[in-house]
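Student: Next come the chains, spelled out residue by residue.
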Amino acid sequence: MPEAERAARRVGLVVNPVAGVGGRAALKGSDDPVLVALARERGAEQVSPGRAEQALEVLASDGDGLELLAAPGEMGEREARARGFDPVVVGTIGEATTAADTRAAAAAMADAGVDLLLFAGGDGTAVDVLRAIGDRVPALGIPAGVKMHSAVFAVNPRGAGEVALRFLRGNGAVGEGEVMDVDEAALREGVVSARLHGYLRVPASASRVQGGKARSAPSERAAQEALGRYVAGEVLGDGLYLVGPGTTTRAVLAALGLEKTLLGIDAVRGGRLVAIDADERTLLDLAGPGTKVVVTPVGGQGFVLGRGNQQLSARVLRRCGPANVVVVATEAKLAALGGRPLLVDTGDPELDAELSGFRRVITGPGREVVYRVSS
Amino acid sequence: MTRLRPFHQASWNEPILHEQTSPGERGLLPPTVEPEIAALAGDASSALPGELRRSAPPGLPELSQPQVLRHYLRLSQETLGNDVNIHLGLGTCTMKYSPKVNEELIRSHKVADLHPLQDDETLQGILEAMWRFERTLCEVSGMERFTFQPGGGSQAVYANALMMRAYHAARGESQRDEILTTIFSHPCDGAGPATAGFKVVTVYAGERGYPDVDAIRAAVSERTAGLMITNPEDTGIFNPHIDEIVEIVHDAGGLCHYDQANANGLFGITRARDAGFDLCQFNLHKTFSSPHCSMGMPVGASGVTGELARFLPAPMVERDGASGRFYLDYDRPDSVGKLRAFHGVPATVVRSYAWVLALGGEGLREVAEVAVLNNNYLAKKVAEIPGIEISFAEGNSDRRLEQIRYSLERLQQETGLSTLDVARRTVDFGVSQYFPSHEPWIVAEPMTLEPAETVSRADLDTYAAILARVAKEAREEPELVRSSPHRSTVHYMDPEPHNDPERWALTWRAWQRKHGEG
Chain A
1 MPEAERAARR VGLVVNPVAG VGGRAALKGS DDPVLVALAR ERGAEQVSPG
51 RAEQALEVLA SDGDGLELLA APGEMGEREA RARGFDPVVV GTIGEATTAA
101 DTRAAAAAMA DAGVDLLLFA GGDGTAVDVL RAIGDRVPAL GIPAGVKMHS
151 AVFAVNPRGA GEVALRFLRG NGAVGEGEVM DVDEAALREG VVSARLHGYL
201 RVPASASRVQ GGKARSAPSE RAAQEALGRY VAGEVLGDGL YLVGPGTTTR
251 AVLAALGLEK TLLGIDAVRG GRLVAIDADE RTLLDLAGPG TKVVVTPVGG
301 QGFVLGRGNQ QLSARVLRRC GPANVVVVAT EAKLAALGGR PLLVDTGDPE
351 LDAELSGFRR VITGPGREVV YRVSS
Chain B
1 MTRLRPFHQA SWNEPILHEQ TSPGERGLLP PTVEPEIAAL AGDASSALPG
51 ELRRSAPPGL PELSQPQVLR HYLRLSQETL GNDVNIHLGL GTCTMKYSPK
101 VNEELIRSHK VADLHPLQDD ETLQGILEAM WRFERTLCEV SGMERFTFQP
151 GGGSQAVYAN ALMMRAYHAA RGESQRDEIL TTIFSHPCDG AGPATAGFKV
201 VTVYAGERGY PDVDAIRAAV SERTAGLMIT NPEDTGIFNP HIDEIVEIVH
251 DAGGLCHYDQ ANANGLFGIT RARDAGFDLC QFNLHKTFSS PHCSMGMPVG
301 ASGVTGELAR FLPAPMVERD GASGRFYLDY DRPDSVGKLR AFHGVPATVV
351 RSYAWVLALG GEGLREVAEV AVLNNNYLAK KVAEIPGIEI SFAEGNSDRR
401 LEQIRYSLER LQQETGLSTL DVARRTVDFG VSQYFPSHEP WIVAEPMTLE
451 PAETVSRADL DTYAAILARV AKEAREEPEL VRSSPHRSTV HYMDPEPHND
501 PERWALTWRA WQRKHGEG
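From first to last, the protein sequence lines are chains A and B.
With the first letter of the first sequence counted as 1, position 209 gets the number 209 in our numbering; the numbers rise by one all the way through.
With the first letter of the second sequence counted as 1, position 42 gets the number 42 in our numbering; the numbers rise by one all the way through.
Chain A side only, calculated, beta carbon under 7 Å to chain B, not exhaustive:
1) Ser-61
2) Asn-156
3) Arg-158
4) Gly-159
5) Glu-331
6) Ala-332
7) Ala-335
8) Arg-367
9) Glu-368
10) Val-370
11) Tyr-371
Just a few of them, taken from the derived set where beta-carbon distance is under 10 Å, the chain A residues facing chain B:
12) Val-58
13) Ala-154
14) Gly-161
15) Glu-162
16) Arg-166
17) Ala-204
18) Ser-219
19) Gly-339
20) Thr-363
21) Gly-366
22) Val-369
23) Arg-372
Hint data in this document are derived by calculation from the structure and do not stem from the laboratory.
In this text, a Cβ means the ideal position worked out from N, Cα and C, and glycines have one as well.
For reference, chain A alone in the conformation it holds in the complex (with noise of 0.2 Å):
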């Protein structure tokens, strides 16, 4: 039956111009003024307004469809006008933008009301944009950033346009992607440090390689329950498990009717919580041996330990024995990593070859994968 003619869909966009210039100067990342200012002095141009552009033009098609807000000048309402979009200016800015810009900007957009938030950037970008606007409004990146572990991006600019288009389209499903962020100075020294900040809700079909499948989000709620109800009720037992971060495990504690702190680690012994959101410390006190570790991969790259829960450090998992860390991950989000390995990067080599190789996945009640770990 024909839907009700709808108003035209408002779809709000923040570009963040200087994202993405760090990465071919071998910055590591952008987020820093100075470190703009030098990467430019080498040459480096804007990559980020070229990239909006490119998935604006797969927008265009929709011309009369849709009412388009964009940021200040090059923040947005340059990239809509180059393509022939006649956009409502949102908000203003100063002569240099900042990330304070991006969060004023996307809180507007989210003000505004806006179907779905478009902005062009990196992990750093979508950060700011988690914090203007939490789960208030819909939004996906446009890739335009030097690092980019959030689940949050279109597979490349012009998929963002068409699953952006078709978002706005139809009936507007959406799932939840990770929010990642590595510290780009601890990055410069070699040390990796990567914090999970949260879920933005996405468009359902925006995950990497999946393009223009419709996955549905209930479909995917659906095989992370029941791989929660498994994973709870038949692998773990009535020992202490220590849980990671993100919505498969979080899956695992809801089948116990528990709450999982979905950023942090939570510990459970005998179908009951004994430490929330814990940190390397608690977790030390609490691992014995047989302790059992559920961990799920976490963002875009297919880490599974060493990025968003550096809590679960490698003193912590000697403690409980690598034969005890329990990944669990559903088949679509496996799938998304396109035959890329899962990755592990505890800060301990001799850990990390203990954990490498090829191990099982639980995906569901009954079902494993057999898949590849590297370091």
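With chain A held as given, fit chain B onto it using these hints.
Tutor: Using the frame of chain A, we list chain B on its own:
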């Protein structure tokens, strides 16, 4: 250059029969019974036991003959398929021309009027056909015995999982509760054993598109009941280490099942038993040229070694050595039991047997050779289309067997449009939407094509030209592709409602129940 035919399909927007019902309308009014006869015979329905009699008439649609005729003719106009146009896009399903003369055979009263409860003595013809075709499949596969009872490939896989379990139970090894399969094997190779109660362990592919031998080694254990693998998998790549893989599973104490749904490129070239497999299955409605009939009457022929034959379902068709008579043997104490009423679909066995007899051994090998040739001819043309590539091309020979999983990832990167958009648009040129891939998608933006031996070179050229045209449109007129199909029975539909069970039902009765009308 191939000229593409202008095409437009009928669009009737035809309601289902239940929605067209008109109370009291009838297709046929049988004459009323004469009073004298009624007085003598009584009410016919009273002859039925009370518990079998309906208290209310069934909710059948009430329609006239012309209404019914129109309905089905309209539906037939809204259908595409192998008998209407080129149907090589349904990769893994081996869509081939099925000779119509074989339909004459099964419509003959000699087949059509048989009843499975007739005495064996009066079933000698059909039993002999089944017995002889069983010998044929044994020759093709190297196995010892076959059953035709399973109602499709998936049920044959399920049957073989049951036989694996029976085998291990008979040896006192019931702890073997895991079945291994691979990510590019057919999903039924996992689903069949899962239905039978096994835990399923899926091995992902390595860089060349098939599982690393080391991955198989890491997967086996004392809990391994067996391996269920398709080869070639849907990539069309023949696993060169298949014998080694079978050996690893055997060494671990497991059995090996060869899913031969992709056997069309292997007739007379390789045999399952020769590679060490213990069980296998053929899909007669694919490889052996019997129509799929919309899944209505398929046969999954399930074959096993002599050691496993005692576990096959009952009955088996046997031949009495002395008299040469054929009979049905129900005395099978170790059998895994019955899988389907009576004997499966003997009509499909007759079609397949006739097809094999018409070809002979050399003809069967030629089927494989031509299917492989067709596939590689098409592959060359399709890989020349900018944006379309053969998956796992790196490190592999550029020759494949009977099918290929392509990737439209490059085209997606350039245009944003997905393989599903391209597939929908091909329908505007009169071909059925192609099959992207089994789930989950591992190859990005997949497309799986399988041109069987019965397509012509002109068909292959036309199909490649359709793909080239749509790829060009994706660059030049993306909206045309995105909003397609435009010339088909239905136009673009938002897929999202399909995820909402409130919006659909599998049957009319289920629909009524959902909406409080039943």
